[in-house]
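There are 2 protein chains.
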Amino acid sequence: MKVGILTIGNELISGKTPDTNSSFIARQLHAQGWQTSVIMSVPDDEDAIKTGLNHIMSLSGAVVVTGGLGPTADDITTSATARAFGLGIYTDQAALKHIRDRFEKFHLKWTANNEKQAHVPEGAETIKNPVGMAWGYSLKRDGKIIAVVPGVPSEVKRMVTEGIIPILRKEFKDAAGHVESRTIKLSGITEANVDQVLADVDFGSLGVNIGFYPNFPEIQIVLTAIASTEKDARKRTTAAHERVSERLKQYIFAYDQDTLEGIVAGVLTDKNLTLAVAESCTGGLITDRLTDVPGSSAFLERGVIAYSNNCKADLLGVPQDVLREFGAVSEKTAIFMAEGVRKLGKCNLGLSTTGIAGPAGGTAEKPVGTVFIALADGTRTFCRNYTFRWDRRRNKTMMSQAALMLLKRYLAGELEHER
Amino acid sequence: MKVGILTIGNELISGKTPDTNSSFIARQLHAQGWQTSVIMSVPDDEDAIKTGLNHIMSLSGAVVVTGGLGPTADDITTSATARAFGLGIYTDQAALKHIRDRFEKFHLKWTANNEKQAHVPEGAETIKNPVGMAWGYSLKRDGKIIAVVPGVPSEVKRMVTEGIIPILRKEFKDAAGHVESRTIKLSGITEANVDQVLADVDFGSLGVNIGFYPNFPEIQIVLTAIASTEKDARKRTTAAHERVSERLKQYIFAYDQDTLEGIVAGVLTDKNLTLAVAESCTGGLITDRLTDVPGSSAFLERGVIAYSNNCKADLLGVPQDVLREFGAVSEKTAIFMAEGVRKLGKCNLGLSTTGIAGPAGGTAEKPVGTVFIALADGTRTFCRNYTFRWDRRRNKTMMSQAALMLLKRYLAGELEHER
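Protein chains in written order, with my numbering: chain A, 1 to 419; chain B, 1 to 419.
Isolated chain A, as found in the complex (with noise of 0.2 Å):
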């Protein structure tokens, strides 16, 4: 089945915003076995959207839409959608009490215009929108399927997966089989790499679809198999896991919805065990990353961004001739803020990051992008160094991947042969 995307929104037609919801609309069509029959935005103007859709429904047996659904005067996708078929436009009560208690909820103030984000064609069901205000709908028409979501991506995230895929699935049942999909998310290899390792797999003997996406700073494998029964699309699926992982194991943290962190505070957490942070390059990130997981607090003791060397003396215990012997920027730095701070917090074990995110600030010993890395559990501290060749941002943010992967492999017990 072909399915075509038409993404709506003067902020994409004037480039001030790139349009992602296009790309992953797409793989989650991909990993269903369709096909995207062709991607397209237009402005918020009536005659550009009634002239795509009409375009696109010409390529593709349904069409999926985002944007233009908010309260604002040039939110004009549902009108402009009702006209292009004919239809009238009517309030949908269900959709505008789900609004009202959000404002309700948010103690928002509420002005009439917002009644306009319930406007739904004649004849379409709605979508319900799990994360935002404006549902979404489908249409049938003519055999296809006209499905409307809003353009905020964390709403299409949710609204497509759980939403329009279901939708499509129905509709065109006999196009797809059991689709069964598993992602693989790896960290510390390259896209490159990943491809070389993998170059001899023969996936296609398997009947199993291999994508990679680089998702910096992770890279994402996707295994998708189509099978009759949804029992052969798992056993396809696994059976190319397994060509995967005896070939990529040390990289792989995690699967499907999974988080670096969230699996990290996951065993911290099942385990029993308190941590500490000691951050001087990551800045802050790592902490941040760790208390995104709900209930992070039940490990996170604290953490210190010791951005100044006398934070790291007074607080963190580093000793003023190492600071000065070895620089901040050391093996030996990083030991005593992970042992330091592990310390202060009286916590099971202490992390720490000491390196140079740049631009500015590195040499030709420690160029921009070294960073050490320690981790203390009271008996052992364990110590590795990098270097990254990213911009500031993106060292800090492989910075804070290499120390949850430390953190990762430790509690796996992966360190235990190492030094």
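Heads up, none of these hints are tricks.
Treat identical chains as interchangeable: a pair holds within one or across any two.
No more than 25 Å apart at the CA atoms, straight line, and that leaves these computed lysine to any residue pairs for SDA-like:
| no. | residue 1 | residue 2 |
| --- | --- | --- |
| 1 | 157 | 220 |
| 2 | 144 | 83 |
| 3 | 235 | 207 |
| 4 | 128 | 171 |
| 5 | 157 | 217 |
| 6 | 231 | 167 |
| 7 | 50 | 152 |
Hints listed in this document are in silico derivations from the structure and should not be mistaken for laboratory results. Owing to the predicted nature of the structure, the values given are computational and were not obtained by experimental measurement.
Please arrange chain B on chain A, whose structure you already have, making use of the hints.
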């Protein structure tokens, strides 16, 4: 003048590679005062390319095409374009020499399929590629321009700005005027409220186009004026800017490429002030944002992520009876944290947050999203509280934004007349 954009490639259509070229090209067109009619991505398929080209040309005076000029069998953009207009193909000798020279320079092994990269439709003029292999070309059909370049983003950047824009400017010189664009960034107000506050301002009569772009946690207002002289375009934008400032001054924190953390960092550095931060609910996000600014070690002395009550008490000096009586999430605790971290770091300023990011931990009195933010300068301590209504990550983001806004307003002297 209207210009369409066509990006060609199976990797775009499968969602494997996000299409970053389109928004870059759209921005370049917008900066010339031209309107993008439509942005479209199609697979490496002759029918899809021809159909896409025809559709875009029916809506536009010109079309910019990227992708499908490589050496492999699936690169068919040139043959599809030539056939769409009934043209033959020739090998451009200058383009071929450029490719052969690069092979020699980089010691690459020549294979016959590389000659394909010098194929050009009859009647086309070539566009040089200063950073890659294949040249591009432009064609004129029925008074409309079709300009084609390879899809590699670094090549697109150079060839669009240095090759295509000059061609279009020459062809459509009456169409373009001088363009002046200004982005105003606001925080602490919703898009709907911005819309309402500005509803009765007639920007059209000022000769200015206005757009609102929510860019969480900010709102951006973009003013664009097109006039026959640069001076006139700037005058119009400035007049519109004044109308926005009159009504929304207290929400404005930056312009154009500036960020909130960048503005705050600049003022702290200029005034030679030092800062220590104590974060509970924001978990390090404030220091993470501040340390994204190069040179932040000039003002950021340290941060403390006080996730446990122990840390609030032993490191920041929040009295145990305050924690017991008022709770960790309270005005009193926030004030003690700000004053405590300021003293601990021997800094000019101490900034603190304590709150409930969610999804659990809320009560009737202090619901999820509640935050207390305090700022101490040794003489006075300011405290604000807010209740945000988002998910955990977005609550953290809004809380960090509110804390940085408080700091920014303090530094601008705007809190003097408040409590």
